[in-house]
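Protein chains in written order, with the numbering used here: chain X, 204 to 307; chain E, 10 to 461.
Treat the hints with care, since some could be wrong.
Result set (PhoX-like, lysine-lysine): computed pairs, CA atoms no more than 25 Å apart in a straight line [said to hold, decoys possible]: (1) Lys-117(E) with Lys-217(X); (2) Lys-217(X) with Lys-291(X); (3) Lys-88(E) with Lys-168(E); (4) Lys-117(E) with Lys-324(E); (5) Lys-256(X) with Lys-324(E); (6) Lys-117(E) with Lys-317(E); (7) Lys-88(E) with Lys-117(E); (8) Lys-217(X) with Lys-88(E); (9) Lys-88(E) with Lys-324(E); (10) Lys-256(X) with Lys-217(X); (11) Lys-317(E) with Lys-449(E); (12) Lys-449(E) with Lys-168(E); (13) Lys-324(E) with Lys-453(E); (14) Lys-217(X) with Lys-324(E); (15) Lys-291(X) with Lys-449(E).
In case anyone wonders, no lab produced these hints; they're calculated from the structure.
All figures in this text were calculated on a predicted structure; none of them were measured in a lab.
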Amino acid sequence: MRLYELALARSGDKGNHANIGVLARSAEAYSWLCHYLTAERVAEYFRYLEPRKVDRYLAPNIWGLNFVLYNVLAGGAARSLRLDSQGKALASALLEMAIEELPP
Amino acid sequence: MAPRTLRVGNGCGFWGDQPDAPVYLVERGDLDFLTLEYLAELTMSILAQQRQRDPQLGYATDFLEVLSRLCPLWQRYTKLRIITNAGGLNPLSCAERAREILGRHGLKKRVAIVRGDDLLPHLDDLLAAGHPLAHMDTGEPLTTVRPRVVSANVYLGAKPIVEALDQGADLVITGRVADASLTVAPAVWTFGWSWQDWDRLAAATIAGHLIECGAQVTGGLFTDWPLVPNLADVGYPIAELESDGAFRILKPRDSGGMVTIDTVREQLLYEVGDPAAYITPDVVADFTSVQLAPLEPDGVEVRHARGKPATETYKVSAAYRDGYFCSGQIVLTGRDAVEKARLCADMIRQRLRRAGAEPAQYYAEFLGAGDTVPGVWPRVSPYEIVLRITAWDSQRALLERFAREIAPLVTSGPPGVTGYATGRPPVREVFAYWPALLDKSAVKTEILYWDT
Chain X
204 MRLYELALAR SGDKGNHANI GVLARSAEAY SWLCHYLTAE RVAEYFRYLE PRKVDRYLAP
264 NIWGLNFVLY NVLAGGAARS LRLDSQGKAL ASALLEMAIE ELPP
Chain E
10 MAPRTLRVGN GCGFWGDQPD APVYLVERGD LDFLTLEYLA ELTMSILAQQ RQRDPQLGYA
70 TDFLEVLSRL CPLWQRYTKL RIITNAGGLN PLSCAERARE ILGRHGLKKR VAIVRGDDLL
130 PHLDDLLAAG HPLAHMDTGE PLTTVRPRVV SANVYLGAKP IVEALDQGAD LVITGRVADA
190 SLTVAPAVWT FGWSWQDWDR LAAATIAGHL IECGAQVTGG LFTDWPLVPN LADVGYPIAE
250 LESDGAFRIL KPRDSGGMVT IDTVREQLLY EVGDPAAYIT PDVVADFTSV QLAPLEPDGV
310 EVRHARGKPA TETYKVSAAY RDGYFCSGQI VLTGRDAVEK ARLCADMIRQ RLRRAGAEPA
370 QYYAEFLGAG DTVPGVWPRV SPYEIVLRIT AWDSQRALLE RFAREIAPLV TSGPPGVTGY
430 ATGRPPVREV FAYWPALLDK SAVKTEILYW DT
């Protein structure tokens with residue numbers, strides 16, 4: 204199962220950092236993702252981008268998990284040599300993450 | 010008695026947004042206020058270059074075109090007021106041109122500008138007075154890059170905009186202000202809220218955050234995009250606020266797109282750090298406090314926003330010269346397209362090395378093979394690949410040399426090279442971003458206004 208089946212997501216930039224807002228599709232999916240989709244797992248998934256660290260914040264009112272990936276944009280909007288210098292593609296990348304089935 | 014509701018529509022989410030959107034929004038939105046947002050993090054450095062070439066420039070020129078098109082409508086919708094940060098680094102010149110346009114259309118309006126966000130004229134005084142403007146991530150003082158600084162602006166809040174409205178302004182042109190403050194100002198001015206009413210200030214801040222990126226809350230970028238109807242005619246967003254701080258996110262009737270709990274919560278976390286503490290000059294808003302409820306046929310109601318007292322500092326966004334950048338593309342077709350693209354990237358590098366002109370940083374991406382987010386997509390071998398090669402160096406000459414090495418691949422590279430019709434890629438100067446904080450007490454704002 205891919206994260207896409209359990210959640211929506213949107214990403215963007217703040218200087219050289221990026222954030223990915225993940226919004227669970229149901230209350231059950233939200234509690235499973237709070238357990239499964241840890242900051243460590245997201246950091247490991249994006250290891251090729253060499254994040255300095257990844258922080259996770261929870262917004263239970265919207266079944267939201269917000270990930271802040273530090274120093275992943277190789278300099279940010281103006282300075283980065285990468286095409287996705289503003290982290291716009293990170294959300295669609297994260298939605299393809301393989302996720303263990305929801306526990307019954 | 011203060012009016013019960015206030016309708017604020019945002020017709021522009023960045024410089025380059027859809028040019029008809031503000032016109033359609035005013036035609037169909039029944040707005041009290043139209044906001045237009047033009048300034049991304051690094052827009053100020055581009056404006057600084059333009060002002061360097063011509064002291065009459067340095068503002069978002071697109072706004073003038075929008076204003077010209079809005080004038081005939083403004084004659085009919087007389088209650089409308091407009092707030093925009095199009096002034097950039099030069100609100101004075103922007104307002105001068107705006108007044109000419111209003112005058113040409115015979116519109117009698119009061120045009121105000123907000124000044125004080127631009128720190129460049131007194132940057133050395135600030136540094137000398139003990140404001141280090143240290144980089145928010147590294148802690149380095151701004152003095153380390155001072156000679157290369159091209160722009161430095163604080164994000165002002167809603168207060169000076171409210172002052173301008175108090176003075177009767179119909180059009181308020183600002184430089185750098187926090188995007189959400191463009192919505193907070195009309196709410197405070199309309200409802201007469203106190204500057205310590207943190208919950209209501211947070212509510213308007215959240216409303217402003219939701220509409221500041223235009224169509225991103227009305228169906229643009231939405232994950233389940235096949236569900237979104239008629240994106241070509243997507244309606245730009247309207248925040249309909251009440252005096253108690255409750256608000257609705259809506260869009261004009263008969264427009265495309267959609268406003269649902271899902272489109273709103275996706276945008277709520279857009280470009281946010283800690284959602285429980287979203288800091289603006291006006292308030293620290295708690296995005297985790299709000300409750301969303303759907304409205305028929307198209308809309309979302311947002312209630313119970315909570316806020317905490319504003320901080321003692323403004324955020325500063327500075328930009329400094331940081332070398333040169335060049336990026337070019339070529340397309341490889343047929344079998345082994347990725348391998349052929351890799352050969353091309355290596356050829357360029359070897360030729361530059363042989364010439365003693367290798368740039369300090371060189372990066373090749375194989376677009377179509379999964380390189381947009383490296384290491385994440387499944388690897389594939391398509392029959393066509395865009396090779397994007399990009400270089401950076403502190404010396405412009407090295408990049409001019411780099412720019413000349415792409416075209417020769419058309420004849421000396423592997424077979425199947427195509428798509429090189431755009432000529433040599435341009436070399437551009439790089440402006441790096443320097444975020445910092447500054448005590449609010451060190452900043453003085455000023456309002457000027459004129460009648461047309």
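(message) Between the alpha carbons of Lys-217(X) and Lys-324(E), is the straight-line distance 25 Å or under?
(response) Cα-Cα ~13 Å, so holds.
(message) Given the hinted pair Lys-317(E) and Lys-449(E), is their Cα-Cα distance within 25 Å?
(response) Holds, because 17 Å separates the two Cα atoms, which is no more than 25 Å.
(message) Checking one constraint from the list: CA of Lys-256(X) to CA of Lys-324(E), max 25 Å. Satisfied?
(response) holds (23 Å)
(message) Next pair to validate is Lys-117(E) with Lys-324(E); report whether the Cα-Cα distance is within 25 Å.
(response) Status violated; Cα separation ~36 Å.
(message) With the threshold set at 25 Å, check whether the alpha-carbon distance from Lys-256(X) to Lys-217(X) stays at or below it.
(response) Cα-Cα ~15 Å, so holds.
(message) So if I understand the rule, the pair passes when the alpha-carbon distance is 25 Å or less; does Lys-291(X) with Lys-449(E) pass?
(response) Distance ~33 Å between Lys-291(X) and Lys-449(E) Cα, so the pair is violated.
(request) Below or equal to 25 Å on CA atoms is what counts here, so check Lys-217(X) against Lys-291(X). (result) holds (11 Å)
(message) Checking one constraint from the list: CA of Lys-449(E) to CA of Lys-168(E), max 25 Å. Satisfied?
(response) Roughly 12 Å between the alpha carbons, so the hint for Lys-449(E) and Lys-168(E) holds.
(request) Sort out whether Lys-168(E) lies within 25 Å of Lys-88(E), counting only the CA atoms. (result) Answer holds: Lys-88(E) to Lys-168(E) is near 22 Å, not above 25 Å.
(message) For a C-alpha distance cap of 25 Å, please report whether Lys-88(E) and Lys-117(E) respect it.
(response) Holds. Lys-88(E) to Lys-117(E) sits at ~13 Å (cutoff 25 Å).
(request) Starting from Lys-117(E), check that the Cα of Lys-317(E) is at most 25 Å away, please. (result) violated (40 Å)
(message) Can you confirm whether the C-alpha distance between Lys-324(E) and Lys-453(E) stays at or below 25 Å?
(response) holds (15 Å)
The structure shown violates the earlier hints numbered 1, 4, 6, 8, 9, 15.
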